[in-house]
Amino acid sequence: TKTHIYVINNLPPNTAPLDIHCASKDDDLGNHTLTLNQYFNFQFCDNPFATMFFCHLWWGNKDKAFEVINAELRKRLKTGNRQLAWIAKGDGIYVSNSFPPADPLEKMYDW
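If you're matching positions, the sequence shown starts at 1 in the numbering used here and goes up one per residue.
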């Protein structure tokens, strides 16, 4: 079963773009720059006992690194719709278990 991860720039208009780097221990997905409302996505065949991806996000002088999929986050995945969307906003990083993201979003991290 494939799992889909999205990272979305929903930062305030007319501010710095969102720079991201995502990787696992086996796969480096490279650096990407996202302008307002752009997103980066990737998918993988999920091994619940081994697969862990992280992303590092930079916005101006702020940054945050976190796991985008791990054992705890897998509990959020819907059966038949294995998606997690991470949304960067001005006040922090939010998560949704659908794409496009549906309210309510849950704030996971401050910048």
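One should not assume that every hint holds.
To be verified - The list that follows gives simulated cross-link-like pairs (lysine-lysine, DSS-like), each with its CA atoms no further than 30 Å apart:
| no. | residue 1 | residue 2 |
| --- | --- | --- |
| 1 | K75 | K64 |
| 2 | K75 | K25 |
| 3 | K2 | K75 |
| 4 | K78 | K107 |
| 5 | K2 | K107 |
| 6 | K64 | K2 |
| 7 | K62 | K107 |
| 8 | K75 | K89 |
| 9 | K64 | K78 |
| 10 | K62 | K89 |
| 11 | K25 | K2 |
| 12 | K89 | K2 |
| 13 | K107 | K75 |
| 14 | K25 | K89 |
| 15 | K64 | K25 |
| 16 | K107 | K25 |
| 17 | K89 | K107 |
| 18 | K62 | K25 |
Stated by the list, open to error - Here are the simulated distance ranges between beta carbons:
| no. | residue 1 | residue 2 | range |
| --- | --- | --- | --- |
| 19 | K107 | D28 | 24 to 30 Å |
| 20 | T35 | N61 | 16 to 22 Å |
| 21 | T1 | G30 | 32 to 38 Å |
Worth flagging that the hints you see were computed from the coordinates, not collected in a lab.
As the structure is a computational prediction, the values presented were derived from the model and not from experiment.
Quick reminder that beta carbons are idealized off the backbone N, C-alpha and C, glycines included.
Against the structure, the hints come out as follows:
1. Restraint check for K75 and K64: the C-alpha separation of about 22 Å stays at or below 30 Å, so the hint holds.
2. At most 30 Å may separate the alpha-carbon atoms for a hinted pair to count; K75 and K25 meet this at roughly 22 Å.
3. In summary, the hint linking K2 to K75 is supported, as the alpha carbons are separated by about 15 Å, within the 30 Å threshold.
4. Of the pairs offered as hints, the one joining K78 and K107 holds, with about 19 Å between alpha carbons and a cut-off of 30 Å not exceeded.
5. The straight-line distance between the Cα atoms of K2 and K107 is roughly 25 Å, inside the 30 Å bound, and the hint therefore holds.
6. A threshold of 30 Å between alpha carbons decides the hint, and for K64 with K2 the separation of about 26 Å falls inside it, so the pair holds.
7. Of the supplied pair hints, the one linking K62 and K107 holds, its CA atoms being roughly 17 Å apart against a limit of 30 Å.
8. Proposed proximity of K75 and K89 is supported: the alpha carbons are some 23 Å apart, at most 30 Å.
9. Proximity of K64 to K78 is assessed by CA-CA distance (about 26 Å); at most 30 Å being required, the pair is judged to hold.
10. This hinted pair checks out: K62 and K89 have alpha carbons roughly 12 Å apart, not beyond 30 Å.
11. Using a Cα cut-off of 30 Å, the hinted pair K25 and K2 holds, with the two alpha carbons roughly 18 Å apart.
12. Of the supplied pair hints, the one linking K89 and K2 holds, its CA atoms being roughly 27 Å apart against a limit of 30 Å.
13. Taken as a hint, the K107 and K75 pair is honoured in the structure, with Cα atoms around 16 Å apart against an allowance of 30 Å.
14. Pair hint K25 plus K89 holds up; C-alpha atoms about 27 Å apart against a cutoff of 30 Å.
15. Taking the CA atoms of K64 and K25, the gap is near 18 Å; set against the 30 Å cutoff, the hint holds.
16. Our distance criterion of 30 Å between C-alpha atoms is met by K107 and K25, whose separation comes to about 26 Å.
17. At roughly 10 Å between alpha-carbon atoms, K89 and K107 fall within 30 Å of each other, so this suggested pair holds.
18. Restraint check for K62 and K25: the C-alpha separation of about 24 Å stays at or below 30 Å, so the hint holds.
19. For the hinted restraint 24 to 30 Å between K107 and D28, the CB-CB distance of approximately 28 Å keeps it satisfied.
20. Distance hint for T35 and N61: a CB-CB separation of about 18 Å, consistent with the stated range 16 to 22 Å.
21. Between T1 and G30 the beta carbon distance is about 25 Å. The supplied range of 32 to 38 Å is therefore violated.
Hint compliance for this structure: hint 21 alone is broken.
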